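Residues per chain are reported as follows:
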Amino acid sequence: MATPEERLAELGLSVPELVPPVAAYVPARRSRSYVYTSGQLPMRDGAMVATGKVGADVNVEVATECARQAALNAIAAVRTQVPLSKVAGVVKVVVFVASAPDFTGQPGVANGASELLGSAFGEAGQHARSAVGVSVLPLDAPVEVELVVEVAGGSELRK
Amino acid sequence: MATPEERLAELGLSVPELVPPVAAYVPARRSRSYVYTSGQLPMRDGAMVATGKVGADVNVEVATECARQAALNAIAAVRTQVPLSKVAGVVKVVVFVASAPDFTGQPGVANGASELLGSAFGEAGQHARSAVGVSVLPLDAPVEVELVVEVAGGSELRK
Amino acid sequence: MATPEERLAELGLSVPELVPPVAAYVPARRSRSYVYTSGQLPMRDGAMVATGKVGADVNVEVATECARQAALNAIAAVRTQVPLSKVAGVVKVVVFVASAPDFTGQPGVANGASELLGSAFGEAGQHARSAVGVSVLPLDAPVEVELVVEVAGGSELRK
Chain A
1 MATPEERLAE
11 LGLSVPELVP
21 PVAAYVPARR
31 SRSYVYTSGQ
41 LPMRDGAMVA
51 TGKVGADVNV
61 EVATECARQA
71 ALNAIAAVRT
81 QVPLSKVAGV
91 VKVVVFVASA
101 PDFTGQPGVA
111 NGASELLGSA
121 FGEAGQHARS
131 AVGVSVLPLD
141 APVEVELVVE
151 VAGGSELRK
Chain B
160 MATPEERLAE
170 LGLSVPELVP
180 PVAAYVPARR
190 SRSYVYTSGQ
200 LPMRDGAMVA
210 TGKVGADVNV
220 EVATECARQA
230 ALNAIAAVRT
240 QVPLSKVAGV
250 VKVVVFVASA
260 PDFTGQPGVA
270 NGASELLGSA
280 FGEAGQHARS
290 AVGVSVLPLD
300 APVEVELVVE
310 VAGGSELRK
Chain C
319 MATPEERLAE
329 LGLSVPELVP
339 PVAAYVPARR
349 SRSYVYTSGQ
359 LPMRDGAMVA
369 TGKVGADVNV
379 EVATECARQA
389 ALNAIAAVRT
399 QVPLSKVAGV
409 VKVVVFVASA
419 PDFTGQPGVA
429 NGASELLGSA
439 FGEAGQHARS
449 AVGVSVLPLD
459 APVEVELVVE
469 VAGGSELRK
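Chains as they are written, first to last, in my numbering: chain A, 1 to 159; chain B, 160 to 318; chain C, 319 to 477.
Honestly, I wouldn't trust all of these hints.
Sample of chain A residues at the chain C side, in silico, Cβ under 8 Å [unchecked claim]:
1) ALA24
2) TYR25
3) VAL26
4) ARG29
5) ARG32
6) MET43
7) ASP45
8) GLU61
9) VAL82
10) LEU84
11) PHE96
12) GLY108
13) SER135
14) PRO138
15) ASP140
Since the hints were derived computationally from the structure, they do not count as laboratory data.
These figures come from a predicted structure and were not determined experimentally.
For each residue, glycine too, the CB sits at the ideal point set by N, CA and C.
Looking at chain A on its own, in the form it has when it is part of the complex (with noise of 0.2 Å):
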């Protein structure tokens, strides 16, 4: 069986180290069977991959690979409470994309994002799934995905 990370790296990905900032929040929190993460914006070595209103300032294919982007630091922020291997699936998924008025295609945007997390974590990524256009997000951000995750074996406690 492979690794998350493993699968990853079959498509030239890899998981990245997710810094945490000093922040009134954290990436992610566990919680019993769960990780809940922060919602993750398109950040690439420590800069947006794009920034605007999809629809507007940003095409379909850009805005796609923020997704794609966004759910891959999501994964970083699962790593920070649990090792990938624990996931035992991925349970909801939150796209939000900031759009214009009339761009209407945000579940095609948040395939992306989908589409990762199947390749990360293979049937166990099937995931519920909000795709949703919102006004504006932040630092302009196109893009942000927060997911919730199950952990395998993890009725205990948390730490």
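With the hints as your guide, set chains B and C onto chain A.
Just chains B and C now, kept in the frame of chain A:
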């Protein structure tokens, strides 16, 4: 005790058959004692009940009906995972309302979803809820509804 | 060990009494080891602290105070379900910020909520968070805050 299906039938409503799309995600996911749904749109018999922004293209009455239909579809999504008679409670509902910038009546629209859930599940349908106005939703839907429901006796590992 | 109420009192704050509205939903819902709150608005003594869009009608300082008040109300919503001393941790916080289209400072506004939760719950208040800019919120509120909290020893079935 009437089943949720029987309660809805008294209102002339039936839970639609949900044909899971070939997609990178699923309509709902079971995780231990919970089912999380994907964001559901007001589709009925394969077409959107209405499209556009509430407060501009869509009036409150039609938007409320959209919320009701989206909630019915969310119940259908839950039923892909567990029989509705196993739903111990509706825990959380988020209602995203595609809103004209000056439309602030999201709670009234969201009541279309909340009241349908009350009709279907009775006291077990009493839920926490967030109603949020967003700029645009997939396929130009006026409303999107997602649920977290608790499953009775569901502490065993998922299938 | 100071209780959350005592910690807040040191800041001159008290958790308001929350009068549950006659509504199709409830301010918060307990489910097994968790309490989910409804989206809470910055109401104080029956009136909104401010109304309008952040970055246009409302400045960052006032918006941050709104986030703080909404978080205080969310704590009050939790207390309708469990004593605050039973809160094992704040797991997830979503902060919706009604934003002018060019306002990208949602994280700073959301810190008003995150810091209040840290003040109230200490280390247990460290949470995952999503901050999202939306077009408009109920009653023209600038901010809406929802919480998921974990309850200590809460694996028994809910009452």
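Going through the hints against the structure:
1. ALA24: holds (3 Å)
2. TYR25: holds (4 Å)
3. VAL26: holds (5 Å)
4. ARG29: With a minimum Cβ separation of about 4 Å from chain C (threshold 8 Å), the hint on A:ARG29 holds.
5. ARG32: Status holds, d = 6 Å.
6. MET43: Status violated, d = 13 Å.
7. ASP45: violated (20 Å)
8. GLU61: violated (23 Å)
9. VAL82: violated (13 Å)
10. LEU84: Result: violated, 17 Å to nearest chain C Cβ.
11. PHE96: holds (5 Å)
12. GLY108: Since the shortest Cβ distance to chain C is 20 Å, the answer is violated.
13. SER135: At about 4 Å, which falls below the 8 Å cut-off, the nearest Cβ of chain C leaves the hint on A:SER135 intact, so it holds.
14. PRO138: Holds, because the Cβ-Cβ distance from A:PRO138 to chain C comes to roughly 5 Å (cut-off 8 Å).
15. ASP140: holds (5 Å)
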